[in-house]
Every structure is written in structure tokens, then in C-alpha cells.
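Visitor: Chain order of the listed sequences is A and B. All residue numbers for the first sequence refer to the working numbering, where the first residue is 104 and numbers rise by one. All residue numbers for the second sequence refer to the working numbering, where the first residue is 104 and numbers rise by one.
A couple of the hints might just be wrong.
Treat identical chains as interchangeable: a pair holds within one or across any two.
Computed list of lysine to any residue pairs in SDA-like fashion (alpha-carbon distance at most 20 Å, straight line) [stated by the list, open to error]:
id, residue 1, residue 2
1, 840, 788
2, 842, 831
3, 660, 490
4, 380, 738
5, 810, 830
6, 551, 618
Worth flagging that the hints you see were computed from the coordinates, not collected in a lab. Remember, predicted model here, so these are calculated numbers, not experimental data.
Number of protein chains: 2
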Amino acid sequence: MVGTITEHGFNKEQIEFFGSKFLIGNGFLGYRGTLEEYTKHELVACTLSGLYDQNGTKWREPVNAPNPFFIVAQYNGEDMSVLKRKPAAHMQSIDMQGAVHSRQTTFDNGFCIASRRFVSMADKHVMAAEYTVFCEHGGDISLNIKIDSDIWDLNGPHLENVSLNHKGGVFVYCANTIELKEKIVVAQKAVSAHAEVFETGSGFVIQKAMSSGETLTANIYAAVYKSSDEDIENCESAAIASVNASARLGFEKLLAANAARWQQIWDDVLVTIDGDKEAELALRYSTYLLLVSTPFHTSHVAIPARGLSGQVYKGAMFWDTEIYMLPFYCCCLPKTARNLVLYRINTLEGARRKAKEYGYRGAFYAWESQETGDEYCTEYNLNDIFTGRPIRTYFRDKQVHISADVVYGIWEYYKMTGDDEILLEGGAETIFECVRFLYSYSYFKCDKDRFEILDVTGADEYHERIHNDAFTNVMTKKALEAAARVIEILETKYPEKLANIIEKIDYVKDKKAIDDFKNKLYIPSPQKETGVIEQYDGYFKTEDTTPRELKKRIIKKDEYLGSPNGIAVNTQVIKQADVVLVTALFDKDYTLDQKLANFNYYEPRTEHGSSLSTCIYALAAVKCDLLDYAYKYFMRAAHTDLSGDYKLYAGDLYIGGTHPAANGGSWMVAILGFGGLRAYEREVSFEPKLPERWKSLAFRMYCQNQKFEVKIAHGSIILNSFACNTKEITFVIYGKKHKMQPGAAQTIKY
Amino acid sequence: MVGTITEHGFNKEQIEFFGSKFLIGNGFLGYRGTLEEYTKHELVACTLSGLYDQNGTKWREPVNAPNPFFIVAQYNGEDMSVLKRKPAAHMQSIDMQGAVHSRQTTFDNGFCIASRRFVSMADKHVMAAEYTVFCEHGGDISLNIKIDSDIWDLNGPHLENVSLNHKGGVFVYCANTIELKEKIVVAQKAVSAHAEVFETGSGFVIQKAMSSGETLTANIYAAVYKSSDEDIENCESAAIASVNASARLGFEKLLAANAARWQQIWDDVLVTIDGDKEAELALRYSTYLLLVSTPFHTSHVAIPARGLSGQVYKGAMFWDTEIYMLPFYCCCLPKTARNLVLYRINTLEGARRKAKEYGYRGAFYAWESQETGDEYCTEYNLNDIFTGRPIRTYFRDKQVHISADVVYGIWEYYKMTGDDEILLEGGAETIFECVRFLYSYSYFKCDKDRFEILDVTGADEYHERIHNDAFTNVMTKKALEAAARVIEILETKYPEKLANIIEKIDYVKDKKAIDDFKNKLYIPSPQKETGVIEQYDGYFKTEDTTPRELKKRIIKKDEYLGSPNGIAVNTQVIKQADVVLVTALFDKDYTLDQKLANFNYYEPRTEHGSSLSTCIYALAAVKCDLLDYAYKYFMRAAHTDLSGDYKLYAGDLYIGGTHPAANGGSWMVAILGFGGLRAYEREVSFEPKLPERWKSLAFRMYCQNQKFEVKIAHGSIILNSFACNTKEITFVIYGKKHKMQPGAAQTIKY
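Here chain A stands alone, though its shape is the one from the complex:
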């Protein structure tokens, strides 16, 4: 059993949070953890992956489909809704095994609702729900079922030419998006074994006079199609055929098919922690949230910053993908990791357009990337809470590290998989265009005989337009090294293909210049006396204070603390890990003393105002041998979406939803941190440092297309190479090499 997440009791104030917490999905769409009687006011959303729309000059964001799971039960003429009548007992849960949402509600009049629903992982278009009511005292029941087309949008509406027809017992909602005229079809069929199902103009009605203790169950079979899906010609007939097929199969069989597919996935990704079930559950839940938003089916979209939990952050993909999520996929789901890498390759043109827009060469990847790779971040992102005026932020303009992050992602994927094809299919070209951009962005300081990267925003977004940000410069250096290594590899293995790529993008001259850039790029290094790396030029000269002290200056709740004039700007208070992100990712480049010095310096100055922060501090803490701290912050990161301990607003901008970066980051802490996994070009290494309370950490992983089972205990690692493997892989445990033949099993002491 993977595990179940359950909450008892009903509290109106948690509707928004539970909507995210009890999210289900299959990567094609996400369906928020709302109740059947909810509407857009309770933030019901069926968020489609990879379909974006812009209405006028409003923000471009993902399209939400109408809700095919809307049901209101009436009991003796009264709506049995938690919004209207406080329930006597209420429970909501997710069974992560098959991503099934359940709900049970009992009212004081003896009326009970129990429901289950899922979005099929076996067939991405299919959704199904089961809704059962029970009357302790008997009475008249009416179930009103419809496709609720009154959609919750942040910047909508996005659908026009809406029609609702019913054909042969199926309701079919059709509409098209405003910008791209993509067609959306949602079909719905209601079925009940216990009563007749009537069709009205707008939906289904099931009515029954119930006797005491009687139960009535209805099923909804729904399908969502959009014209952009490559596998469909006629969405409408496909959707109708789908719901009819579902109805024929029935709920249980659909559920079984879904569960089987989920079982395959869990088989690859399940982590088991003996001795700490709380940590295990939180980590599995983090993994679960990643999975429901994972684009298994396409390489034209990645994982949005709030997954498929809504339209926040424009449903856009950020650098979170490469830094926080890709490690999980590279290790556990390399085929999906390939999709994520291909997404960047597929959107290279958008990044080229962005570079050109700003007067640079190469590829400048977007801060907020949608399906085309163009930058969809606006210049004004939030409003000044004191004046109501829009604030000019530089997320879009100055986060040049994203191009370096993209290179880092491709390279990490390559190291773990050895997938030469990805380099030849655009990976090398993407890498070259990224470093070319970084070169064209950089400046040479003659006086100091070095290249510098000026006027950037790093990982810590509170400080914009700074010079020589540690994270940006280090990521750039790593990207340059990866680019150089890729050239070496291709020169050796595929010299002609490399020549073609270089010729195609006219890279000959740049090759030498960029090599010079690599050798002379300034890297902020640990200061001699303290070992601390200055986050950016002049950071140490800003006011030295702590988040706690700083926050005493807050005048208005939700006031934005960052650039250009938030209260953090001229202080050393940072939003999230920046230098520590460097020492966490590239811990081998620094001594333990240096890592500790930076950890101890920056941790008290970090607000952790982003869900990208605590997981990195946890990871860094492992590398600093601060296991208690690491465990504490790991738990905080892994519980992000369980506890709801995150910001709902930045300025006046709503930013709620799930947090895939924290979900992926938690996995990083567990496997790369406590597990100590690290990928090299031809081998993997482990340097485990398990928390004391963990008896063992077990998981499966892929390396170079070979599958392994790993169980790490204190002092020993058990490695199993699957029998289906085809080649030997070297594992390096604390510096000592162990060769694993296919089918072999070893217990290695460390």
C-alpha cells in the first residue's frame, strides 16, 4: 500500500487549501480536491495541461475545462451541501495507490454522502466518479448532475462558442479557446443501478423515494478531449464514444485499469523508509503530487509551478523543472525525464526569440514558459499594496540563469542515462545556444582580466538587477563545462553529426570565444577569513538583519518584500537559497568548513519565502553533516502541501496551489541527500548519511537504462541489479567501486 491522506471534519476556511491537497490527475488534466456540490466560488477546477489561452491583454494561462463531476443531492427538497448545512461528520481522502479521491459526509438529519472519483492514468481522457447517498430515515432524494460550465478562471473567460447538447444519454459540452481557437469537448454520462436517470435541458436528474437505510448510487463517466491532442481527429465523437465505452465497462473496471497503470508507476518510484512512517508518507505524498501533474504523454509541456492545481503562475514552467524535479525523473522515470528535457529542446525557438527580443544571441529561456517557450512573464507582476500601482519586476528580464539551468538539466539527464540520442536530437544544439546566450550577455572586465555577469536576478528574487550573483555565475560555469564536455563526447563518438550541428548554428567562432569565457568567468569564492561567499557584488554592504527583525517593519499584511522597494531589498534578508543552493548542488567543490560557513551565514538570513528554499537548506545541511537540521527541514519541505504552510499571496497576487518544486526537492533531500546518490558520466555513487531514526531507505532507480533496487541502511547498502538489465554498472560507495552485473545482488558495507 502506498498510503492514504485523510482529513476529518469540515472547515470553510480550508476549502481552498484542500482543493490543492486532494488534487487528482493524470498529467493530462488535474482535478482539484473539491466536493461535488462546489462551484467556481470554491475554486473547482479541471485544469488542462499544455493548452493555454489569452483573453485580450490579460495574462495567458492554462484553460480550465468545465466540471463534469458536479452533483448536488436534495433530500426532501433541501440541498445536502456542506456549504449550506454544517455536516455532523465529514471526511475527505486520497488513496495514493490509484489516485482515488474519496469523500464521506454525514448530516445531522441522517443523510450521508460517500463518493469516489479518479482521472484515469490508463486512458488520459477518462474521468469517473461514484456518488452514493444513504438515508437513515428515508425520504425523497434527488440527485442533480451536470457539466458545470461556470468556470473558475484567474484571467478568463477562455472559452467561447459554447454549446451543450445531449445525444443518446450523453451530454456534450463544446467550446473553443479564444486565442488559438482550440476545441474543447467534455462529455458526461450518468448511470445508476438503483434508479432511473432523467435528462433535462442542462443535465441529469435522478429521483427516488427512499426508505429508511436505503442506498442510492450513481456513476458519472466523463471524457475530456481537446483538438490539439495529436491522437484525435474528431473530439466530439471521440468523447461520446469514450463515455459510452466507460459506461459499458463500469466504474470498477475503469478503476482497475487505472490502478494497474498506477501500480506500474509506483513500482518505479515508491520509496520506503523503515522506522519513520511519517516521513515515508510525506515523501510518498510529495511523489504523488508530482505524478498527478507529470506529462507522461507528451514532450510539449513540462510541470507547471503549481502543477495542475489551477492557473496560478500562468500554468507556466519555471527553472524549478531542471533544478528541483528533473533529478527525481532522471532516477526513477527516465522516459518521462526525457520528455521534460525534450520540452526544452522543443521550445528552443521560443528561447531564441526571447534572446533576440533583448538584443542577445543564442537562447534565453523563459522564466514563465508555456507550450511555445516564449516568455509569458509580464513586466508588471504584482501591485504595490500602498499605492495600488503595478510593480515593475525583472523576473522575465534578468533571470539569465535559466538558460544555464536548462543546460544543467540536459547534462544531468545525460549523465544518468547516457542517452546520446538526446544530444543529437537537439540537446547539443540547445546547450550551445544557451551558452552562446550567456556569453553574449556577459561582459569582460579588463581591469581584472575576467568575465562578469552583470545586472541579473539570481535564485533569491528579492534582490533584482544585481551583479555577479553567486548562483548565476556558478550555474553558468557549470553550463560552460557541460558544453565543453558535450563537444568532446560528440567529437569522439559522432564527429560528423557534431560538425553538422556546429555548421547549422554557425558556432565555429563562438566555440573558441566561449572557451575563453569558461576559463575567465569570475566565480564568487569563499572569503579567505570567513569562508563565506558573497551572494552578489555588494551584498555584504547591505543592512545585516534577520527575517524576524525585518518583518517587524511590515506595515501592511502581504506587502511585497522584494525589488524594487520592498523592505528586504537593502538588507541581507533573502527569500530563498542562493549561495546555499550552489553549495548544495555542487558540494564537492567546497570544503566542509566552507559549506558550513555558508550554511551558518545564510540560514539565519533566509526567509524561506519560497517553497524552493527549505528543501535546499535540508539538502545543504546533509552535506554539512547537520543531520538534525536536515531532517527538520526535510520534513517541513515534504509536508509543504500537507500542512498548507505556504504563502497564498505575493503582494495582491494569488499564488496558492501545489508545490511541485518542494515535492521534487523533498525527494532530492531523501535520495540525493540522505541517500547520497550522485550521477557521474559512467557511474553512480552513494555517500549515505541516514537520519538516526531511519532504519533503512529503499527505492528503485535507473542508471544508463539499467534498473536497480537499492536499500540503504546504517553502514550497509543492498544493491540488486534487475535480471532484465543488459550491462554492468559501477557503483561507487564512499569512494570504493563496486561493479554490478545484470541480475547481481550485493550487500556493501560502508
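Position chain B against the provided structure of chain A, taking the given hints into account.
Guide: The following block gives chain B in isolation, referenced to the frame of chain A:
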């Protein structure tokens, strides 16, 4: 007669403005145009030149001496003060001929006050006042005279260990400054030919029972000494001796000595405009205001941004000196111009310290420079009017153009005077250190094979931390060219001395690098289609609006419009001339079409929110042949301190006072603009374009230490070389050369 500035009537709301408007002074001290009965609440100030003090962590600013001109008259026991009794008639005036302030007040009870006062230009320590009362109806009169030591300070107090003694009929105030422990002495003696003068513990009292129509006159003789004055050993005895000597001489003789010295000065600087007495008076008044704040006596201070009218802007010297004032002095008072240039040479160490503080080499001249040349601008200069929080501005950090402006100033002085000695006495060293700084600040953009100057603030201060500001880059280029030319001159004339300078500052290696910098520095140039120069990288991409439209968005009066988040920041609205300052100063580098294009583009986008703006637009308008516009803006600039049409607050920061930059700028428009004067290394040229209503423009000037009288009319110039001249000077009139032998007179048609 030079002219008189007079205002009739009394209006409380104009007290502050008149205090500046009726300023008197001698460059050693300034005395605001307040009335005798005023106190610090009416902003009485006796502002000392070149003596600065810092009290704790408050702003360092000039020291105000106590007021030795305080008199209150009582008539039948009642104070005859305009603050307590509205006068029936009131007049205040300045006779610019001798810088004498007069005041006449008549109350409805028949009591009249008439006073005159001056600060001696003949002896910088001497102040004298004459105070006469007249009783139409007779009655008891009492004059209470004292040194008012309750000082108006912006960031005081600055004086401690205060004592007040009277010795032999002289009151002596002694104190020392807090920071440097400089001693200040103010001595005062009151004398009356009509009544006995009593001494109380705190001052003088003159009492008399007056008959109808009787007049009573008292004189105050005062002296101000400070221990930093190089010529004085014992300030106290010197001050006592001074007032006793003054009293022996009497008011009229002191006045005559003062007038004689003023006559010498006016002889050099008086401008006569036939046909436009209004313009003439305004221009003369502008000149007057410059003169009262001019450091005739020292090269250790220049002209503060608000002259000697108070402590605003910390009494600091800005780049205004070089760009807006120096042209006047180079032309009319070259010995004083030398002082101003020497001030920069004398403060080179401060500029070196500032460069070092920021991690650069060479000399980074201060935005707010005081007697040491160190930067006294603070990081936080004003407060956010919405939150009350201090605003981080970058005036101090990023106005690197100031070092280029200093070079420009020295070079312009050198061209006009041929003063080789200034180059050998530190001028060359200063120039080299300035360009060395600019080189060490700049970056090389490999992709574009050019140097760029990044992260600066230009002349337009609303837009901070911008890249490749047109004004900054052009000024830097000009500085580099001047530096190269200085090397050529010294190589030819003084090769050994040049070698010594280069060795002293280890400039050998830099010489070549900086030459490369000169050749490859990026200069924003007119765009091909429009001819418009982009003010800085990305300026054209900001919102295009006008000051009028922008100001509709103002929520609170006095809200600051500039960086980091004022409403002008993300728009094309600029505070003052920036590109147009370039085309005005270096008009020969641009075609008429280009100048016009930039004028027409930037003028509607300029707020003229600085007194440095209108004069430059007037000058540029002349160069564009837009004489009507030029005249209008010339009049506005020349009337700045007459009309009081200037900002009193930036944010919540008081910035009132006189405006030497506008005063000097008005002179520039008249002589360099309408007169068309331009200095070259060995000659001067005229390309006059007189306003239609001007019959002629007459003035005297120096060139290469030779004195000339110039009278420009429409179509002709009359040149007189003074008989005392020693060498021939070439005048180029609209391209045609005319050699002027000593004593020669020529009328040249053009």
C-alpha cells in the same frame, strides 16, 4: 547702475522665498534676505563657506553662524515686527551694484523702519548694518540688538562650548564645531549717533523718548572669524579688532570700500542687453547670485548647489560647478575659475578614496563634495511619502559622469586660459586619475567589440542604474579625448614633468589601455530613421508619456517621481536634460537635423524638475535655431530665483534656496548661446544668434589672459582688445578669422 531688485508688500508665505531672493554675501559667508526681527523660525541664516560639521550620524552640512544683525524695535512697549503687526507699507530690495540689502516698513501707527546692510566684499570678515526708525507721532522707542545664537540648522546643532562675553563695548560670541572643533567667533558692536547705547547681559539696548517726526539711527558692526581661516591666529582678538576698526571708520566708509570692490567685479562681469531691460536685469541678478556665493578667497571650496543661501544639499558642491558655472568664470573671472579648478585638484585625494571604497582605481569624484572631496551623499536621501521609509537612491554610487565632468571643467578652463601651470600643478594628474577611474568602471562587450559603461545614473536622475547613458558615455569620451590631448601638450612642452606625473601615479600601462578605451567606447548615436539618440539602453521601450499625463497619477503631493519606484521610472518622462545636454554642449558633433530631432523628442518628455534643465533646453534651442523657444526658456531660467518657480521639496526633503546652476546656466544661454561664444585651444569663436528684440549684447571677457570688450549686434560684432593686453588673439566669427592685436578695435560684420 547694475540694477535693483525690489519687492513691495508683506506676505508671510513669502518669507522663505525672500530669504533666498534677497541673499547678500561675499563668498566667505552668505546672509539670507530676512528682516532684522526674524529668528530661526523665519530661516535667518548666516551660512559660512567651507566649514562643515557633522553632529552624530546626522547629515554633514555647512555651519551657520549666529546672527549679529538681530534687532527688534519697540514702540511704546510694543514690538514693531512684521510678524506681529501687519505693516501698512513694506519694501525689501537688493542694490546689486554693491550687494546692499534695504528694507523699509511703515506701520499704521506711524512707526517706520528703514535699514541697509551688507557683507563686505572688501574685507570678507566684515558685516555692517544701519537701522533707522522714525516716529510720525513720537513716543518711547527701544532698540534691542543682539547676536541671536538660536541658530536655524537642518541637521544641527553644530556649535558647542558657546560663550557670550562683552569686552569694551563689543559682544563676542565664541563656540566650536562638534566634529572638527573649529572655532567660530562673531563679534558685534552697536553704535548710535542719536542715543546712548546700553549693554545688557545679552546685547545692546538703545532707548529714547522720541518726538513727532524724529529719527533714530543705530549701526551694527560685526565680524565673523573662524579658526580655519588661514590668515588668522587669534580669532577672538581679530574679531574684536575688526568691529572696533569698522566702528571707527563708520558705515559709509565701509560701504564705500565694499562698493569699490564690487565695482571691480562688475567691471569684469556686467552684461548689457540693449532693447531688453527685463532680460538684462534677470541676467544681472543671476550673475549677482553667483557672485555672493563665489569663493574669491580660497581654492578649498567651490559653489554649493544652493550657494550660501543655507544648508540645503549639505552645502555640497556638485557637477553643476563644472557644467553650469565654470563657463562664466572662465570667461569673466578666470582667476576665480582657477580657484574652482584647483578645488577639484585639491580634493583629488577624496575622490581617490571614494574610488577605492567602491573597488575602483583612479578618482571617483563625489556627487556631494565638501572641503575634503569625500562623498557626503548618504545612501538614503529622502523618504517614501507613502510608507515613511527612507528611499535608497544611487546618486552617490552611480553618477560616474562627475569624474568626466571634472576633466571637462579643467579642459574648458585650459582652453580659455592656456594656463599650463594648472596642468602641472595637479590638473594633469587629476585628469589621468579621472579617466583611469572611468576605465576601471567600464566593461568590454566582446560580442560587440566595444566598451560600455553600465549601471550608472546620468544627468536625468529619475532613471537610476541604467546602462550606456548618453550623457555619461559622451562625457567620458570627451574626457578621454582631453586626457589624450593633455598628454600631447605636455609631451611637447614639458616632457620631463609629464614623465614625472606618469611615474608618480604609475600611469604607463594605463595610458595604452585607456587609449583603447577611448577608441572603442560605445557612444549612443542618432538612430538612422529618426535621428533621435536613445537616452540609455532600453529607454525607448519604457512607457511613452508626458509629464502632464504622468502627473495625473500623483496620489500625494511631493511624492518622489524617481527611482526606485516613483511613477516616472518606467516611463520616458525625464527630470532634466540628458541627451539634450549632450547636443547642447557638443552641438558641433551633430547635424542641425539631429539636434532638432532630439530637441523635439525629449522636450515634451522633460519635466524640468530640476533647475538644471530649462537653461540647457534654452541653449539647445539656440543651437537648433529655435530662437523663440530659446528666449522663453532663457527667461524662465534667468528668472528662477526671482520668480521662486522651483521645487521646495523632493519627497519630504527640503531643497529650497538659490540656484547657482540656473544662474550660471542663464549666463551660458546669453553668452554661449545667443552670443555664440566658444573656446578653442588657441582661439575663440563667435556664432551669434541674437533674439530679435535684443539690439545688442555687450560684455567683457578674458581669453588667454587677455581682456576684451565685446558688443554683439544683429549682423556685427565690435571687439576691443584692452591696451594692457600683451598678445594677439584670434577671433573666429562664423568661420572667418580675425586677429586682435593689443589695444585694437574692430567692427566685424557677420
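Visitor: Run every hint past the structure and note whether it holds.
Guide: Each hint, compared with the structure:
Proximity of residue 840 and residue 788 under a CA criterion of 20 Å is satisfied intra-copy only: 8 Å inside one chain copy versus 85 Å between copies. Taking identical chains as interchangeable, the C-alpha atoms of residue 842 and residue 831 lie at most 20 Å apart only when both belong to the same chain, with a minimum of 6 Å there against 96 Å between chains. Taking the shortest Cα distances, residue 660 and residue 490 sit within 20 Å of each other both inside one copy (14 Å) and across copies (13 Å). Taking the shortest Cα distances, residue 380 and residue 738 sit within 20 Å of each other inside one copy (12 Å), while across copies they are farther apart (83 Å).
Proximity of residue 810 to residue 830 under the C-alpha cut-off of 20 Å is restricted to the intra-copy arrangement: shortest distance 10 Å within a copy versus 97 Å between copies. In this homomeric assembly, residue 551 and residue 618 come within 20 Å of each other (Cα to Cα) both inside a single copy, at 18 Å, and across copies, at 17 Å.
The structure shown violates none of the earlier numbered hints.
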